[in-house]
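Spelled out, the chains give:
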Amino acid sequence: MQLTGAEIVIRCLQEEKVEHVFGYPGGSVLFIYDEFFKQDQIKHILVRHEQAAVHAADAYSRSSNKIGVCLVTSGPGVTNAVTGIATAYMDSIPMVVLTGQVPTQYIGQDAFQEADTVGITRPCVKHNFLVKDVKDLAVTIKKAFYLAKTGRPGPVLVDIPKDITAQKCDFHYPKTVSMRSYNPVVKGHTGQIKKAVQLLLEAKRPMIYTGGGVILSDAGDKLTKLTRQLGYPITQTLMGLGAYPATDKQFLGMLGMHGTYEANMAMQECDVLLAVGARFDDRVIGNPEHFGRNIRKIIHIDIDPSSISKRVKVDVPIVGNVPDVLDEILKQIEATGGKPEAKPLAVWWKQIEEWRGINCLKYKMDKDIIQPQYVIEKLYEVTGGDAFVTSDVGQHQMFAAQYYKFDKPRRWINSGGLGTMGFGLPAAMGVRFANPKAQIACVTGEASIQMCIQELSTCKQFRLPVKIINLNNGYLGMVRQWQQMFHGNRYAESYVDALPDFVKLAEAYGHVGIKVEKPDDVEPALREAFVKHKNELVFLDFIINPEANVFPMVAAGKGLSEMILAEDL
Amino acid sequence: MRHIISILIENEAGALSRVSGLFSARGYNIESLTVAPTEDPSLSRMTIVSVGSEDIIEQITKQLNKLIDIVKVVDLSESAHVERELMLVKVRATGKDREEMKRVADIFRGHIVDVTESSYVIELTGNTSKLDSFLKAIDTSLILETVRTGVCGIGRGDRILKV
Numbered sequence: 001m002q003l004t005g006a007e008i009v010i011r012c013l014q015e016e017k018v019e020h021v022f023g024y025p026g027g028s029v030l031f032i033y034d035e036f037f038k039q040d041q042i043k044h045i046l047v048r049h050e051q052a053a054v055h056a057a058d059a060y061s062r063s064s065n066k067i068g069v070c071l072v073t074s075g076p077g078v079t080n081a082v083t084g085i086a087t088a089y090m091d092s093i094p095m096v097v098l099t100g101q102v103p104t105q106y107i108g109q110d111a112f113q114e115a116d117t118v119g120i121t122r123p124c125v126k127h128n129f130l131v132k133d134v135k136d137l138a139v140t141i142k143k144a145f146y147l148a149k150t151g152r153p154g155p156v157l158v159d160i161p162k163d164i165t166a167q168k169c170d171f172h173y174p175k176t177v178s179m180r181s182y183n184p185v186v187k188g189h190t191g192q193i194k195k196a197v198q199l200l201l202e203a204k205r206p207m208i209y210t211g212g213g214v215i216l217s218d219a220g221d222k223l224t225k226l227t228r229q230l231g232y233p234i235t236q237t238l239m240g241l242g243a244y245p246a247t248d249k250q251f252l253g254m255l256g257m258h259g260t261y262e263a264n265m266a267m268q269e270c271d272v273l274l275a276v277g278a279r280f281d282d283r284v285i286g287n288p289e290h291f292g293r294n295i296r297k298i299i300h301i302d303i304d305p306s307s308i309s310k311r312v313k314v315d316v317p318i319v320g321n322v323p324d325v326l327d328e329i330l331k332q333i334e335a336t337g338g339k340p341e342a343k344p345l346a347v348w349w350k351q352i353e354e355w356r357g358i359n360c361l362k363y364k365m366d367k368d369i370i371q372p373q374y375v376i377e378k379l380y381e382v383t384g385g386d387a388f389v390t391s392d393v394g395q396h397q398m399f400a401a402q403y404y405k406f407d408k409p410r411r412w413i414n415s416g417g418l419g420t421m422g423f424g425l426p427a428a429m430g431v432r433f434a435n436p437k438a439q440i441a442c443v444t445g446e447a448s449i450q451m452c453i454q455e456l457s458t459c460k461q462f463r464l465p466v467k468i469i470n471l472n473n474g475y476l477g478m479v480r481q482w483q484q485m486f487h488g489n490r491y492a493e494s495y496v497d498a499l500p501d502f503v504k505l506a507e508a509y510g511h512v513g514i515k516v517e518k519p520d521d522v523e524p525a526l527r528e529a530f531v532k533h534k535n536e537l538v539f540l541d542f543i544i545n546p547e548a549n550v551f552p553m554v555a556a557g558k559g560l561s562e563m564i565l566a567e568d569l
Numbered sequence: 001m002r003h004i005i006s007i008l009i010e011n012e013a014g015a016l017s018r019v020s021g022l023f024s025a026r027g028y029n030i031e032s033l034t035v036a037p038t039e040d041p042s043l044s045r046m047t048i049v050s051v052g053s054e055d056i057i058e059q060i061t062k063q064l065n066k067l068i069d070i071v072k073v074v075d076l077s078e079s080a081h082v083e084r085e086l087m088l089v090k091v092r093a094t095g096k097d098r099e100e101m102k103r104v105a106d107i108f109r110g111h112i113v114d115v116t117e118s119s120y121v122i123e124l125t126g127n128t129s130k131l132d133s134f135l136k137a138i139d140t141s142l143i144l145e146t147v148r149t150g151v152c153g154i155g156r157g158d159r160i161l162k163v
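Chains as they are written, first to last, in our numbering: chain V, 1 to 569; chain E, 1 to 163.
Some clues are possibly wrong.
Cross-link-like lysine-lysine pairs, in silico, PhoX-like; alpha carbons within 20 Å at most [what the hints assert, rightly or not]:
hint : chain 1 : residue 1 : chain 2 : residue 2
1    : E       : Lys62     : V       : Lys187
2    : E       : Lys90     : E       : Lys102
3    : V       : Lys408    : V       : Lys249
4    : E       : Lys136    : V       : Lys149
5    : V       : Lys187    : E       : Lys66
6    : V       : Lys313    : E       : Lys62
Where chain V lies over chain E, by a calculated footprint (3+ residues, C-beta under 8 Å) [to be verified]:
hint : region
7    : 5-16
8    : 63-71
9    : 133-139
If you are wondering where the hints come from, they were derived from the structure by calculation, not from laboratory data.
These numbers were taken from a predicted model, which means no experiment stands behind them.
Backbone N, C-alpha and C define an ideal beta-carbon position, used for all residues, glycine too.
The shape of chain E in the complex, shown without the other chains:
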């Protein structure tokens, strides 16, 4: 099953490599990993999406907790949460494709953030499947480039991940 693991980690050099090294050393899978400092600059927040059986996910959270730099670990997917991913897509936009591309971007509530005579850059946020659907909805031969941030997530309501 797919799990979203949220981590608070000391914002120190090498902290990210401890986490990524753990995953590769123990053969755990990473679908996406995002990391950035929090409002407290001494801490970073990391979101990892991983797929595995319950036993493996349990081991992943235990092994993560064992890393000295890690302050807290939460499996967000255990209860209600919000997840978002941001994608930038550069597409060819000429002739009749130009209007069509704008229309599809609007349907997906995307924004066109860069325009040239022949291309658009479309910004899209949503959960992973929404972004996937957008890519399916447009003519793939028109896609010039895509970049995605990977998932970040937060618990709903009273669930707060803080020191």
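Isolated chain V (complex conformation):
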């Protein structure tokens, strides 16, 4: 039977078992929307801005192992989506972006709502396609899903001209697809793994450092098993939180620019470092030359060869899928019957406990002013540590990462690589659709939340009971912190004047708004939001200490062990 291109798009999505598509209609995608109208298997989520559609689809992927899908129209639809696509790309999030394009014969004529979508998005997608023949449509969509989720995942975009969606051809959805130019490695090199096992077992001051790759490949269980078996300390990047339970004794907290003292010191001082699904980026290891001053052997497991030896030279590179490689490591350890030497390990742990004793995350409570750290600690208690937490970008993001202890993977949803303000609220929407019963907190600030505030309307339409934790300090907090520390207290444009009354704003959208100004009211307000208003969106506007800073801090360009602690200032 012959189907139109638009029907083919819907059929392909059904074949891929897609349940939700986040999108916004427009001229070029009208035929596709017409087909959405005629079916009820796939639910379309209408957002209020294309950026939000992409963030929601992205968080849908992050919080589950399904693939988020979004659909936007040509021209401005696409350009609005670019921030979302780049966000997903930087964090290697699998996602399929379908975009409308002007009819084939108009391409290149500066037609109404025309943009060079493939050109604009090329540097921020894993791959993109322009469909020029309706006969290629089904196989192209199949390739898009295949590419998005295999190898190092990432967003894949399919640009579909309007005339293609009206033309007809036979529909056949391929079961599998293979591309001669794309063969991602799965299994790690056995010889390299053997070397790695030997190094690991001989280590005197071992350290495990893991990133988003462990979450993306669902390797948390295997990582936990290996870490416990070895008894080694472990730290995680911002993107890796939750892969190993944060409440466990072996966990040293997050590392990096705002990492814990113990995690950063152990990274610097270790003699064998096992890096898993992480990429030694500038926010994680600081200055690579300073990092290289300490001699250590580095084992690096990653599915992407280009992540290995990019910023830091490694001794044992292992290219492969993280769970497969961890499996092999566990197997080989078992086969050799080897165990780490207890004595040096005990000495190492003693040193780590000393570092831990500094208690770098302590902060001064105040009777009258709410401290942001306190809000996160209470959020953790009230939600039983079991919420999905999305965040925007800035101080609140770091506080959430430091003080909410994530015991499970895929619970911490934030824009780590690109650092996109405006991510948190649409991300919370995506999380909700992928996890319809979950409690969801969006930790944000009064500046970030305003970058996608219009989504309060989407939340109303779909009755999404997200709890917005607005840490309102009246500043672009992280910008202000840098200006205070590195720019002589000159707060250039970092004060957010003329803020709206967020309670009234929430109410105007049909939600519940609560303003909280006293430390004693923090917990009751959270309980009210999560218990009394369980099924409603609640906007909690916490008026916090305006000049609270995030510590510890490694200044940009400094070494990992050159931390500034709260008491230093």
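Please arrange chain E on chain V, whose structure you already have, making use of the hints.
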């Protein structure tokens, strides 16, 4: 160091821009780039000459391999290879310069492929330094126009770049 990177890439619209975009986005240097379809029309062969430290060249080859359209990447300069570049030079050829220009072209084993009363077009192939030397050997004030293809290269003997 100078490296010659050979690439087999799907012969599809936009494939070249993926490669050139990668170089500009990551700040890698391109000295020359040539591309044309192979005997299998579904594939193009690209030759890129780039200069960089070993680390940078390693990153370039890894990043190129990551592009979905790229089938194979080889650093030709890692072992024995042949490299050639073609140049067309239009020179003023009048009076005594006419004979002299012909003589120099012969020495460099160039061919004169177009002749007018006042000019020659000389075709020259060779490696980059040979072409450079030719331009140095003739009187620069006589050069009217030059065009070069950029380097293309192939491995010697058993080294074959094929799908």
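Structure-based check of all given hints:
no., hint, verdict
1, Lys62(E) <-> Lys187(V), "holds, 18 Å"
2, Lys90(E) <-> Lys102(E), "holds, 12 Å"
3, Lys408(V) <-> Lys249(V), "holds, 15 Å"
4, Lys136(E) <-> Lys149(V), "violated, 55 Å"
5, Lys187(V) <-> Lys66(E), "holds, 18 Å"
6, Lys313(V) <-> Lys62(E), "holds, 15 Å"
7, 5-16, "holds (count 4)"
8, 63-71, "holds (count 7)"
9, 133-139, "violated (count 0)"
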